[in-house]
Amino acid sequence: MLKYLLAGIAFGIILVKAELISWFRIQEMFRLQSFHLYGIIGSAVVTGMIAVMLIKKFGIKTIRGEAIHIPDKKFHKGNIYGGLIFGLGWALTGACPGPLLAQAGGGATVIVITLLSAVAGTWVYGKLRERLPH
Amino acid sequence: MEQLSIWLRQPWPWYVAGPLIGLTVPLLLVLGNKTFGISASLRHVCAACIPANIPFFTYEWEKEKWNLVFALGILLGGFLAMTFMRDSTAVTVHPRLVNELAGYGIHDYSSLIPGELFSWQQLLTVRGLIMMAGGGFLVGFGTRYAGGCTSGHSIMGLASLQWPSLAATCCFMAGGFIMANLILPFILSL
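Top line first, the protein sequences correspond to chains A and B. Heads up: the first sequence runs through residues -4 to 129, numbered per the working numbering. Heads up: the second sequence runs through residues 29 to 218, numbered per the working numbering.
Don't read these hints as lab results, they were simulated from the structure. Incorrect hints may have been included.
[What the hints assert, rightly or not] Below, simulated SDA-like cross-link-like pairs (lysine to any residue); rule was C-alpha separation at most 20 Å, straight line:
| # | chain 1 | residue 1 | chain 2 | residue 2 |
| --- | --- | --- | --- | --- |
| 1 | A | Lys72 | B | Cys198 |
| 2 | B | Lys93 | A | Ile65 |
| 3 | A | Lys122 | A | Ile63 |
| 4 | A | Lys122 | B | Glu88 |
| 5 | A | Lys69 | B | Asn81 |
| 6 | A | Lys122 | B | Pro83 |
| 7 | B | Lys93 | A | Arg59 |
| 8 | A | Lys(-2) | A | Ile55 |
| 9 | B | Lys93 | A | Leu0 |
| 10 | A | Lys122 | B | Asn81 |
Please construct the entire structure, taking both the sequences and the accompanying hints into account.
Below, the structure written as structure tokens:
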């Protein structure tokens, strides 16, 4: 478990150093006033894509020697509706779930309320799931 | 050495931060076949604390403990970086945004998170409540409905060429543009 803690710490540090946790940067992105976040997401995707390709091509295994398996995501209408709802929340809070955690850890204690609301939102989704279009 | 310390304290450019974030994908795969995704941790919290016999929350969340540990790590990483790895320079923001926000009484750029919007005092205002509690609710509800957030869909999903993730990512962006440009101006003027 320690390795995942360390990976999380590294990721949290990057989120802060990239200013990805900044409400201002998110507002700039959604107003097309800065390339910064587009550059980050774009280069992250390209790096990840190359890495996944290399893993598949060379049959790279986990540190325990297991074959690496990436489950396929199936399309459903929630990708659209949920995606739009999350987008609204993203621009409002200026943070997606990862940055919210880093903000709370970084001293903005009130963001704990935002995180608890996010847990509540997740719970309400679980409760209403059967009645929502998928 | 001194240069390194200065560099560590400055904000990192996108071409450094982006690839590092992208490397989280193979890192988690190689460490233990884990797929990168942060919003899933919110579901595990529900499953662990308030499952209430809801089928969506009755599963062996203990098997996904790594995800909660990873989330805790992000919290700690945020603390370490904000405490030891930041200089005191103000955030530089596009002049048009500075101009726009000044109209709503937002002038303080000393922190990455505007204290004039996100603070315990602001939580008691209608604007603050909508932005923090309301925004958080939309993030939690939307990510789970969409089956992932920026990490699970936009980075992990796109990196492994999953087209549902492309659809989700386009909708994240669309929702963000609608909120920032069409709805947020009303909320900020409350």
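Mind listing which of the numbered hints don't hold for this structure, in increasing order?
-> 3 and 5
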